[in-house]
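Colleague: Each chain, letter by letter, is given below.
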Amino acid sequence: MSRLEIMTENRVQQAIDKLYQDLERRLSSGPTGLCPVDTALNIVTLCQSQSCGKCVPCRVGLGVLADLLKDVLDGKADSKTISTIEKTATGIIESADCAIGYDSARMLLDSLIAFKDDFTEHIEKGRCLSGTDAPVPCVRYCPSHVDIPGYIALANKGQYADALRLMWKDNPFPITCGYICEHPCENHCRRGMLDSAINIRGIKQFITENAGVIPPLAKAAPTGKKVAVIGGGPGGLSAAYFLSLMGHEVTVYERRKKLGGMLRYGIPAYRFPRELLDRDINNILATGITVKLETDIGTDISIDEIMNTYDSLFVAIGAHTDSKARIEGEDLEGVTSAVDLLRTIGDEEYPDYTGKTVVVVGGGNVAMDATRTSLRLGAKKVYCVYRRRQTDMTALPDEIEGAIAEGAELLTLKAPVRIEADENGRAVALWTQPQLPGELDSGGRPAPMNADLPEERIAADIFIMAVGQRVESDIFEKADFPLEWGNLKTLPSGEVFQDGKVFAGGDCATGPASAIQAVAAGKVAAANIDNYLGFNNVISTDVEIPPAQFENKNRRGRVNVTEREASERRNDFEYIECPMTKEGAEMETSRCLRCDRYGYGSFRGGRNTQW
Amino acid sequence: MVKLTINGKEIEAPAGTTILRAANMAGIVIPFLCYMPEINEIGACRVCVVEIEGINHLAAACNTQIEEGMVVSTNSSRVRKTRRTNVELILSQHDCNCPTCSRNGNCSLQNLASDLNILDLSIPSNVPENNWDETFPLIRNESKCIKCMRCVQVCDKIQGLNVWDITGTGGRTTVNTTGNLSIQEAPCSLCGQCITNCPVGALTARDDTQRVFDALDDPDVVTIVQVAPAVRAAWAESFGVSREFASPARMSAALRRLGFDYVFDTNFTADLTIMEEGTEFIKHFTHAAEHKWPMFTSCCPGWVRFLKSQYPEMVENLSTAKSPQQMFGALTKSYFANKIGVDPQKVFCVSVMPCTAKKSECDLPEMNDACGDPDVDVVITTREFVKMLKIQSVVVPLLPEEEFDSPLGSGTGAAIVFGASGGVMDAALRSAYFLVTGENPDPDAFAAVRGLDGWKEATINVPGAGDVRVAVASGLGNARKLIEAIKRGEVEYDFVEIMACPGGCAGGGGQPITLDHNLAGERSDELWRLDRESAIRYSHENTDVAMLYEEFLIEPLGEKSHHLLHTNHGLGDKH
Chain A
5 MSRLEIMTEN
15 RVQQAIDKLY
25 QDLERRLSSG
35 PTGLCPVDTA
45 LNIVTLCQSQ
55 SCGKCVPCRV
65 GLGVLADLLK
75 DVLDGKADSK
85 TISTIEKTAT
95 GIIESADCAI
105 GYDSARMLLD
115 SLIAFKDDFT
125 EHIEKGRCLS
135 GTDAPVPCVR
145 YCPSHVDIPG
155 YIALANKGQY
165 ADALRLMWKD
175 NPFPITCGYI
185 CEHPCENHCR
195 RGMLDSAINI
205 RGIKQFITEN
215 AGVIPPLAKA
225 APTGKKVAVI
235 GGGPGGLSAA
245 YFLSLMGHEV
255 TVYERRKKLG
265 GMLRYGIPAY
275 RFPRELLDRD
285 INNILATGIT
295 VKLETDIGTD
305 ISIDEIMNTY
315 DSLFVAIGAH
325 TDSKARIEGE
335 DLEGVTSAVD
345 LLRTIGDEEY
355 PDYTGKTVVV
365 VGGGNVAMDA
375 TRTSLRLGAK
385 KVYCVYRRRQ
395 TDMTALPDEI
405 EGAIAEGAEL
415 LTLKAPVRIE
425 ADENGRAVAL
435 WTQPQLPGEL
445 DSGGRPAPMN
455 ADLPEERIAA
465 DIFIMAVGQR
475 VESDIFEKAD
485 FPLEWGNLKT
495 LPSGEVFQDG
505 KVFAGGDCAT
515 GPASAIQAVA
525 AGKVAAANID
535 NYLGFNNVIS
545 TDVEIPPAQF
555 ENKNRRGRVN
565 VTEREASERR
575 NDFEYIECPM
585 TKEGAEMETS
595 RCLRCDRYGY
605 GSFRGGRNTQ
615 W
Chain B
7 MVKLTINGKE
17 IEAPAGTTIL
27 RAANMAGIVI
37 PFLCYMPEIN
47 EIGACRVCVV
57 EIEGINHLAA
67 ACNTQIEEGM
77 VVSTNSSRVR
87 KTRRTNVELI
97 LSQHDCNCPT
107 CSRNGNCSLQ
117 NLASDLNILD
127 LSIPSNVPEN
137 NWDETFPLIR
147 NESKCIKCMR
157 CVQVCDKIQG
167 LNVWDITGTG
177 GRTTVNTTGN
187 LSIQEAPCSL
197 CGQCITNCPV
207 GALTARDDTQ
217 RVFDALDDPD
227 VVTIVQVAPA
237 VRAAWAESFG
247 VSREFASPAR
257 MSAALRRLGF
267 DYVFDTNFTA
277 DLTIMEEGTE
287 FIKHFTHAAE
297 HKWPMFTSCC
307 PGWVRFLKSQ
317 YPEMVENLST
327 AKSPQQMFGA
337 LTKSYFANKI
347 GVDPQKVFCV
357 SVMPCTAKKS
367 ECDLPEMNDA
377 CGDPDVDVVI
387 TTREFVKMLK
397 IQSVVVPLLP
407 EEEFDSPLGS
417 GTGAAIVFGA
427 SGGVMDAALR
437 SAYFLVTGEN
447 PDPDAFAAVR
457 GLDGWKEATI
467 NVPGAGDVRV
477 AVASGLGNAR
487 KLIEAIKRGE
497 VEYDFVEIMA
507 CPGGCAGGGG
517 QPITLDHNLA
527 GERSDELWRL
537 DRESAIRYSH
547 ENTDVAMLYE
557 EFLIEPLGEK
567 SHHLLHTNHG
577 LGDKH
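Each protein sequence line maps, in turn, to chains A and B.
In terms of my numbering, the first sequence is residues 5 to 615.
In terms of my numbering, the second sequence is residues 7 to 581.
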């Protein structure tokens with residue numbers, strides 16, 4: 005027997021690790037609407053299987069919790085059961101020797117609080133409040149509920165124009181979404197159980213590039229009703245589009261020179277070429293919408309006048325003002341906001357940063373946009389300074405990696421303290437305090453805390469603050485619109501007041517969010533405005549979806565889009581991705597599991613052909 | 007056409023056909039439990055799985071479409087083993103006490119387990135507990151439910167009521183009322199279509215046979231039975247005799263063998279309904295401004311329950327005439343009890359109905375107009391009637407023909423067709439025409455309203471009265487479509503007949519259950535045949551009904567009729 009041996013994992017442990025990986029993927033691809041009590045039971049059971057068995061609370065207690073949860077589900081529990089669960093779980097938290105025990109019980113106690121109503125319903129009435137609520141996960145998670153399996157099936161058959169027309173039923177910005185959608189649809193894609201989620205955004209992009217020019221959808225007969233839309237971004241234009249299809253006369257008021265809102269004035273062209281945005285906008289305007297550009301509400305026309313002229317009103321002004329970092333020197337010359345920079349390049353005015361050093365403050369997508377834009381404006385060096393860790397950044401991982409590849413320096417765990425001015429009052433350096441990750445906050449991210457290290461000085465020529473955006477809600481506040489955290493407050497229907505005439509949505513109601521959320525807000529508002537005006541003009545489609553073929557679904561890789569070489573793309577504002585090829589799109593579309601047809605979809609129907 | 011091979015046989019079928027249907031067309035049988043053509047093609051039971059060459063997963067034949075060149079095997083070793091496993095899994099959660107199940111001998115699961123020769127279960131059994139209020143006419147047994155979802159689909163797609171839904175998730179997923187309501191709170195019409203489409207004994211109607219036997223056993227009680235028109239087309243289906251042999255007169259003999267003191271016929275009050283409702287319609291039609299339009303028939307309690315829960319604002323459109331069953335009860339405990347000199351409270355009135363909603367109708371608090379007791383004491387379905395015959399070992403093939411008792415035992419051809427969709431309208435038009443013109447129309451003049459179509463319409467010219475626009479719907483999903491069209495102003499009718507069950511009472515929720523066949527059409531044909539062969543085919547020519555008016559009621563819509571034969575459908579004072 006040797007004194008020491010090199011450790012090799014045995015085959016069983018390797019298999020368990022593999023199963024855990026599969027399980028991890030499966031959990032994140034799971035369906036919605038599950039019974040929380042049943043979920044808690046299964047989590048506790050899995051947790052107990054991890055117990056080493058040494059200590060009483062974990063070895064015995066977790067099993068007791070599982071039995072008690074089974075009693076709840078089997079209708080054998082009474083009011084005492086809950087207190088027994090609480091007592092047992094608390095005991096495990098208090099006394100288990102290691103995390104396998106106390107963290108299991110912590111999860112259970114959390115679920116007891118979160119699912120109180122469900123426990124009560126099971127115990128008192130012997131019934132479950134839950135039920136699988138969505139046959140098709142991607143459609144369920146798309147805020148605008150676009151028929152994703154439908155257009156993937158059409159794309160698989162090469163029917164790109166039909167696929168685009170199908171998208172238009174729920175989303176007038178399909179080209180936009182093919183480029184910049186955050187694709188929440190992919191998060192619960194059932195294909196993830198097998199290998200990885202379908203590349204839905206990539207397929208959508210491929211479709212819109214190959215659909216050709218197609219006429220707009222048919223409009224309902226004119227209703228004689230007039231609707232005003234304030235704000236020509238994705239939310240306002242979506243509402244305008246659907247209302248126009250419903251036969252209403254729509255006028256869009258836009259403060260800036262061009263339509264598009266944050267799609268133009270927030271997203272740099274290398275992520276989304278302007279001419280493609282214009283294609284979506286032209287398709288929307290082809291339904292017959294009046295647009296008044298460079299018209300500021302409150303200056304050029306009053307809210308009262310709009311209220312009196314139109315039968316209904318949709319406010320979608322976005323969130324276009326920057327938040328402040330509230331540090332000394334923020335107003336110095338040489339300090340700008342990312343919002344201002346992106347707005348300037350939105351009108352195709354490009355400042356020259358040649359040879360400059362730039363510091364961007366922030367960790368969100370806008371910070372990445374500012375960082376990568378600065379590189380393209382010729383900056384010699386771009387730092388992105390963030391007070392937490394890279395993994396805590398809210399920017400999409402692809403954006404962060406893209407910025408790094410293009411040469412940006414990420415300086416993490418550095419909290420901005422003040423900006424230093426030179427003798428002329430010009431900003432010359434950012435002072436930061438090094439940080440350490442602290443305890444988790446309620447959102448699960450560690451709160452940064454000061455490290456016992458001296459402040460650091462980062463010298464630069466230009467300082468760009470990207471620490472958030474706000475809604476310019478002042479004039480609406482004066483018009484007695486209700487506000488919440490500076491955003492316009494709306495009902496789930498999009499209504500601002502109970503009378504149903506005034507609606508709001510998009511970033512101005514939610515704070516900065518995604519394009520597809522704004523589209524969805526416009527869709528919701530359009531439906532409810534149509535009803536408010538006394539109509540029920542449905543938006544429908546006659547596109548027929550190819551039947552699902554019964555075929556092998558072997559595990560295989562996801563077709564990702566690639567990017568242009570970093571050292572090349574960092575020099576221009578041309579689009580950075582290399583979209584899918586036809587061959588790639590065919591492979592990727594054939595990976596779709598057709599949840600509209602298999603599983604719960606075959607029972608409840610996989611789609612709504614109208615709304 | 008698509009060419010494919012199933013079990014080595016080359017076959018052709020139209021594109022879009024499922025493997026199951028293509029196989030059936032070629033004479034190849036694929037077993038199943040949950041499948042219902044067009045209604046439930048969801049591949050839930052996984053019994054119909056088949057093997058497709060080149061594909062590594064078995065396919066559900068019920069909802070997989072054929073493809074060119076497909077090579078299918080429906081009975082390979084892989085299929086046979088998998089199918090057996092799935093049936094064993096179903097059995098492991100099923101209460102297999104077959105001898106005490108109402109569907110013993112008439113159960114898809116029992117047949118399948120037998121066909122597959124499953125003689126023992128290799129899978130441990132874990133039957134969920136049952137917990138249901140068994141006083142309600144519709145009973146669900148969780149221990150027997152196989153979650154085929156047929157009831158959910160039938161209620162949703164055919165009846166448009168969505169009473170049943172799937173609840174819970176994971177292994178505890180089951181069927182229950184939508185929104186977790188109690189069945190009493192749910193908008194259930196009690197049509198019973200979920201029962202007749204349940205492949206096992208999970209859904210049943212409350213069994214009331216013992217209450218009937220108790221009355222028959224009580225020497226102090228005079229037992230009177232009425233039997234609905236549609237029962238005569240279905241009662242003997244399980245006795246191995248032809249429909250012609252199972253004549254109404256043999257049914258009458260069968261009821262007499264059970265020991266009823268008087269064997270009467272709901273046909274009598276069906277004719278009476280025509281007199282009352284027909285007269286009411288003419289009165290409305292000639293004073294159009296005073297009434298809500300259209301007028302709806304009121305003889306189907308499933309439809310009345312539907313209207314009360316779904317369109318309460320239209321309950322006033324219902325004819326005030328009670329259903330024939332309730333008219334019969336009210337007359338039995340007044341006119342007839344008086345005629346035979348018996349205290350009406352000693353009279354026990356039993357109905358044999360093709361219907362489950364009738365069990366609830368006789369319990370309505372307002373249905374006690376004759377003597378304060380319920381006018382009808384107990385309703386048994388056609389199925390319970392058959393059970394009683396079996397309990398009493400009545401040998402149906404040896405029964406003679408015997409007439410119904412008099413006077414509540416006579417009926418015309420017009421009454422018989424109450425049991426088929428369009429029959430009430432047909433009968434009403436025959437007599438309304440006479441009441442207005444003084445002449446009988448051709449009894450087959452209104453054939454446009456007959457048949458199994460879910461929504462039929464016709465315009466009938468009645469000389470002297472004008473054009474009468476009528477419509478007939480059966481199935482509550484069709485009823486909803488018709489009402490919505492009325493509300494949107496797309497259609498206008500004067501008189502509308504609605505039956506809750508597709509095809510009318512012939513396909514009623516209380517009729518004998520035939521696995522995977524719908525006999526509504528065959529039974530309807532039998533009723534129309536009996537009508538054609540009747541000596542009298544007009545309700546107004548029923549001489550016993552005429553005598554009833556002469557001796558007792560005086561005239562249609564008269565004071566006595568108002569008291570005994572009409573109802574406000576629970577809307578407050580009678581109007």
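Hint data in this document are derived by calculation from the structure and do not stem from the laboratory.
Take these hints with a grain of salt, some might be off.
As the list claims (entries may be wrong) - Covered stretches of chain B (chain A as the covering partner; in silico rule of three or more C-beta atoms under 8 Å from a C-beta of chain A): (1) 164 to 177; (2) 210 to 218; (3) 423 to 434.
To be verified - Below, a list of computed lysine to any residue pairs in the SDA-like style, where the Cα atoms sit at most 20 Å apart: (4) Lys-153(B) with Gln-614(A); (5) Lys-74(A) with Lys-163(B); (6) Lys-566(B) with Met-373(B); (7) Lys-557(A) with Glu-73(B); (8) Lys-163(B) with Ser-200(A).
Given the structure is predicted, the values throughout are model-derived calculations rather than measurements.
Virtual Cβ for every residue (Gly too), placed ideally from N, Cα, C.
Colleague: Are the hints correct? Go through all of them and say.
Modeller: Outcome of the hint check:
no.	hint	in the structure
1	164 to 177	holds (count 7)
2	210 to 218	violated (count 0)
3	423 to 434	violated (count 0)
4	Lys-153(B) with Gln-614(A)	30 Å, violated
5	Lys-74(A) with Lys-163(B)	35 Å, violated
6	Lys-566(B) with Met-373(B)	15 Å, holds
7	Lys-557(A) with Glu-73(B)	17 Å, holds
8	Lys-163(B) with Ser-200(A)	36 Å, violated
Hints 2, 3, 4, 5 and 8, counting from the list given before, are not met by this structure.
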